[in-house]
Amino acid sequence: MSELVSELLRSSIKKELAAGRRADGRALDEPRPLRIQKGLVKTAEGSARVWLGDTDVLVGVKAGLGEPYPDTPNSGVLTTSAELNQMASPTFEAGPPSAEAIEIARVVDRGIRESKAVDMGKLCIVPGEKVWVLFIDIHVLDYHGNLFDAASYAAMAALTSAVLPGGKLGIDDKPLPLDHTPVSVTAAKIGSTILVDPALDEEAIADARLTVTTDENGDIRAMQKGLNGSFKFDEVQKAIATSQRVGKAIREIILK
Amino acid sequence: MGGMELEKGMKLIDENGRRIDGRRPDELRPIKIEAGVLKRAEGSAYVEWGNNKVLAAVYGPREAHPRHNQKAERAIVQCRYNMAPFSVTDRKRPGPDRRSNEISKVIAEAFSNVIFLEQFPRTAVGVYIEVLQADAGTRCAGITAGSVALADAGIPMKDLVVAVASGKVGGVVCLDLNKEEDNFGEADVPMGVAPRTGDLVLLQMDGHLTAAEFDQAMKYSMNAANQIYELQRDALRRRYAVSLEDLKVEMQREAPPPAEEEPKYDVYYDAQPGVQE
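Residue numbers (this note's numbering), protein chains in the order written: chain A, 1 to 256; chain B, 1 to 277.
Since the hints were derived computationally from the structure, they do not count as laboratory data. Bear in mind that the values here come from a model prediction, so they are computed numbers and not experimental data. From the three backbone atoms N, C-alpha and C, an ideal C-beta is built for every residue, glycine too. Everything hinted at is true.
Derived coverage of chain A by chain B (criterion: at least 3 residues anywhere in the stretch with Cβ under 8 angstroms from a Cβ of chain B; other residues may be distant):
hint	segment
1	37-50
2	83-92
3	137-147
Below, a sample of chain A positions facing chain B; criterion: calculated Cβ distance under 10 angstroms:
hint	residue
4	54
5	133
6	200
Construct the complete structure from the given sequences, taking the supplied hints into account.
Here it is, written out as structure tokens:
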């Protein structure tokens, strides 16, 4: 998954950034418009399609019955996987999930798991024997940069629409027990400029990437630094503050 | 066929000859087609067919990988038919399996028949079909979406491919089986056709039919194919329709600005012969 960017475009993006301007006219701390469609997939217990700018991600949540892990007999099971479909970009290749796909799934998973977004205790039916098993499947349909955030918003939105199918137990359907809404905000560093929600070309020339997931109290729940470049400590502090601020508006859209 | 046991008291065809979803034997489920729904792909289409939701994207012609798959005299069609894990009642394990590999192969062969492959030697045309929600007939919906996506990508073809299935349920030959009918029916015959010539480019069958029943099934499918063909063409027309108003705006935008001073010729470069811009 390597996007080609011409030297001309690379230098023009950098030159404009040095003057504080982005190609699409956004402010450095301004994400692209976010649109969410919930409940598109009726075969899933929860689903959401998210457009972050032109990046288009569909997440389906399946809920089934299974056994808990031996070390957590009183808690449900949550698994997150991601597929970078060839449909979504000419640079995505066939085959088993790439390292990139696995990283995206794991960062999304961490945000949801560590924020205790889902009340895993309430997913236990018979301790040590029977629990709800949740699968979050991330399906990338159109790649225009920043899959980390698009996938994370789609996953969280799909969870808010999810229903535990009581039919399998002879009880009523009930909404998935949710306690928190983690929101990730990804920053990219190009030269000495740091910007949020990198679009395709920005992401392709980024030196470093930092995803910060915060909850509704502004507490940090997951982080991931990526790519070969580096951040200074004060840059990380700034990225956290930005994530808290930008995340607030995004949380409202996810919960709508 | 599925060979599953029908629940007691459940009838696939009622006393009025209606099916469980109220359709007559020769009736299609509602179909909606939209062209050009994705930005990155060179061509794309979305199809809702009953409770099926299918997305198709096309890339190419582009360099074929791996290289040993290249054909010196023509393009190849690479197709991936894939079901999203959440597209079915019990979660499907992600990634290709034997069923999806077979379907991908027959779909690629169907498209190979209509695309002018000889115009693009050594290249590959990629057709990617994602089933987002499944309710029987996903390969037909996928092919129908795929050929609209091919046209949207501007791939030269002698015709669109339309696919539709007929089968037999409760002893009656029926068009376009839904999930229950597919599970409990006696036969299913998916077919793909290039309607202009009537060439069959995909044909599969499983179950049990007499030759006469097969004729009836194909008759239903051929008829339905013409209806679906119209929906495909309509989706493409909607995608590329230009209103008179749009045209006026476009013409105004393209009009050259009035020259303010004498043009400075030294800033204009003609493309050098043999050098592509």
